[in-house]
Amino acid sequence: MEERELRLMKGNEAIAEAAIRAGVDAFYGYPITPQTEVMEYLMETDATARTGMAVLQAESEISAINMVYGGAATGHRVMTSSSSPGISLMSEGFSYIAAAELPCLIINISRGGPGLGTIQPSQADYFQAVKGGGHGDYKLLTLAPSSVQELADFIALSFDLAFKYRNPVMILGDGALGQMMEKVYLPVQRPRMTEYPDWATNGTPKGKERRFISSLNLLSQDHERVNIRLQEKYREMEKNEVRYEMIQCDDAEYIIVAFGIIARIAHKSIKLARAKGHKIGLFRPISLYPFPYDQLRELADNERIKGFMSVELSAGQMIEDIRLGVEGRKPIGFFGRLGGMVPTPEEIESALYNHFNIK
Amino acid sequence: MIAAMEIKNIIKPENLVYQKSRLMAEKPFNFCPGCGHGVVVRTIAEVIEEMGIEHDVIGISPVGCSVFLYDFYKFDLVQAAHGRACAVATGIKRVLPDKYVFTYQGDGDLAAIGTGETIHACNRGENIVIVFINNGIYGMTGGQMAPTTLEGMKTTTCPRGRDVETMGYPLDITPLLAQLEGVYYVTRHSVHTPACVRKLKRALRKAFENQREKRGTSVVEVVSNCNSGWGLAPQAANEWMVENMFKKYPLGDMKVDGKLVMDINAPK
Chain A
1 MEERELRLMK
11 GNEAIAEAAI
21 RAGVDAFYGY
31 PITPQTEVME
41 YLMETDATAR
51 TGMAVLQAES
61 EISAINMVYG
71 GAATGHRVMT
81 SSSSPGISLM
91 SEGFSYIAAA
101 ELPCLIINIS
111 RGGPGLGTIQ
121 PSQADYFQAV
131 KGGGHGDYKL
141 LTLAPSSVQE
151 LADFIALSFD
161 LAFKYRNPVM
171 ILGDGALGQM
181 MEKVYLPVQR
191 PRMTEYPDWA
201 TNGTPKGKER
211 RFISSLNLLS
221 QDHERVNIRL
231 QEKYREMEKN
241 EVRYEMIQCD
251 DAEYIIVAFG
261 IIARIAHKSI
271 KLARAKGHKI
281 GLFRPISLYP
291 FPYDQLRELA
301 DNERIKGFMS
311 VELSAGQMIE
321 DIRLGVEGRK
331 PIGFFGRLGG
341 MVPTPEEIES
351 ALYNHFNIK
Chain B
1001 MIAAMEIKNI
1011 IKPENLVYQK
1021 SRLMAEKPFN
1031 FCPGCGHGVV
1041 VRTIAEVIEE
1051 MGIEHDVIGI
1061 SPVGCSVFLY
1071 DFYKFDLVQA
1081 AHGRACAVAT
1091 GIKRVLPDKY
1101 VFTYQGDGDL
1111 AAIGTGETIH
1121 ACNRGENIVI
1131 VFINNGIYGM
1141 TGGQMAPTTL
1151 EGMKTTTCPR
1161 GRDVETMGYP
1171 LDITPLLAQL
1181 EGVYYVTRHS
1191 VHTPACVRKL
1201 KRALRKAFEN
1211 QREKRGTSVV
1221 EVVSNCNSGW
1231 GLAPQAANEW
1241 MVENMFKKYP
1251 LGDMKVDGKL
1261 VMDINAPK
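Here the protein sequences come in this chain order: A and B. Residues in the first sequence are numbered from 1 upward in steps of one, following our numbering. Residues in the second sequence are numbered from 1001 upward in steps of one, following our numbering.
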């Protein structure tokens, strides 16, 4: 295996560098804090000169996601990145892209909402990412990195998954991940595509049937068939693409469930707790859709485990999925900070003690 | 009455004066009888066929009566969300700069919900062809007010006629587009007479040739009728169009080879 280059990078820069190295064909975006460095880096390092990829600043997020739709329709590797308010604007496009079964990557470096909110980190776009956002029965395969390294690693992975399932993939990060600097082993450069899928509308090849990309079906019986096919695909994704990490769950009595940046902070919390003799573990969903329901249920079935606590940068969104996994087998507590505030490891630790009356 | 034998003698290759483009699919149009859409759609097919570019063309049909374009053509097509055709075209063109990309948009799509996408694609000089059907009404949804609806014109959402005081003025968008540096060719046509159809065909050919030469954006507007939406018989609709629509939207070139050829200050 080729040795990977080690660098100290901001999360947003790592996204951009990893995108170039993943052989992405086009990035279409619109500036919004706290993810603007993604496009700045692509321009500054002249991604187009490096790999020939297209980089274009659109006039709005609505336009950017529809450029992604167009590029994806031609079977190319196309992506965008934005932050919460911009993601709301793009959501119409997600629905169309999912319905038309086009592969692409969408990155949400989310910030505190609702409304214009704040530019500080938040996880309050969880529902929007995994439960919908746009209209109709569709799913975004959603990955939640918790380090700059994972941000970088998930770019190529996302495209592999997007093309495998012909489905949009979202990387749900947050303002802290986008802005913080960490060491990152960069992936090696992979070539851009030279062959495109048969369904791609990139000019009808001679002697072949023409292709078309559409999400319209006037007859509801036709559209039900499309929906059933989509649901079958989502069941496949649920079977194959669940990703999670368990830290010190083997002997744990209580489990903190947290994703993304908050899992990093909670990791420190369980170290603090263990230093005091409390057996606390951390369960980190990496794929938010598909969610690791079965794995949580398995933990909940373990007699040693007394309870779970969801820690989120929101008023409690992922906790609903934890409940669906645990199915009432064990009590579930919640601790969250809102509107861009981030808790300290000690705050999480004492919230856990208070909720479960741990002395 | 022509005898059967006589017809057989007439139907011979050497007597053929017109046939449907081989790029047209078998599916019959779902446009209302008398509507101009069908003529424009097949004229585009003829131009693409005559240029021999059907393996390198990608059409984009957004929401409106234009949405079923993919049913009528035998080349690659992408259906887009309402108003987003120019963004989708941009996304395609930027990864496939050597292919021919065109959009086919109605007035609501291009000049209301998609104004931003249209103006910015034109302003970037995206090397695409925009075909713009202006019939002053939302046909697909049953005849509502469009940005291009004339002052006083009745639609289902302005049943007493468009009141410019409260509903704004008819938006004549193509002269605005013509003034953008990225735009190379802007022209306005109609399809209500054979002569006009021939002119449109020449304009479309020029537009696709501009794209081949990478000149920038070409905008071909077609002022058309919507006999159903206007509540008129086809012939009466065309007469009404000539009398009323052409006053606000006069036919002719606005920008040719990158140079304005209209007087933007001329009164209408």
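Mixed in with the good hints there might be a few duds.
[What the hints assert, rightly or not] Derived coverage of chain A by chain B (criterion: at least 3 residues anywhere in the stretch with Cβ under 8 Å from a Cβ of chain B; other residues may be distant):
hint: 1; stretch: 251-263
hint: 2; stretch: 273-279
[Claimed, not checked] If you want a taste of the chain B side facing chain A, the calculated C-beta under 8 Å gives, among others:
hint: 3; residue: Lys1008
hint: 4; residue: Ile1010
hint: 5; residue: Lys1012
hint: 6; residue: Pro1013
hint: 7; residue: Glu1014
hint: 8; residue: Gly1052
hint: 9; residue: Asp1076
hint: 10; residue: Val1078
hint: 11; residue: Val1095
hint: 12; residue: Lys1248
hint: 13; residue: Gly1258
hint: 14; residue: Met1262
It is worth saying that the hints were derived from the structure and are not from the lab. Each residue gets a CB set at the ideal place from its N, CA and C atoms; glycine is no exception.
Verification of the supplied hints:
1. 251-263: violated (count 0)
2. 273-279: violated (count 0)
3. Lys1008: violated (34 Å)
4. Ile1010: Since the shortest Cβ distance to chain A is 33 Å, the answer is violated.
5. Lys1012: violated (30 Å)
6. Pro1013: violated (25 Å)
7. Glu1014: violated (29 Å)
8. Gly1052: violated (11 Å)
9. Asp1076: For Asp1076/B, the interface hint holds, since the closest Cβ of chain A sits about 4 Å away, which is under 8 Å.
10. Val1078: Interface hint status for Val1078/B: holds (5 Å vs cutoff 8 Å).
11. Val1095: Check passed: Cβ of Val1095/B comes within 5 Å of chain A, closer than 8 Å.
12. Lys1248: Violated, because the Cβ-Cβ distance from Lys1248/B to chain A comes to roughly 28 Å (cut-off 8 Å).
13. Gly1258: violated (22 Å)
14. Met1262: violated (26 Å)
When held up to the earlier numbered hints, the structure conflicts with 1, 2, 3, 4, 5, 6, 7, 8, 12, 13 and 14 and fits the remainder.
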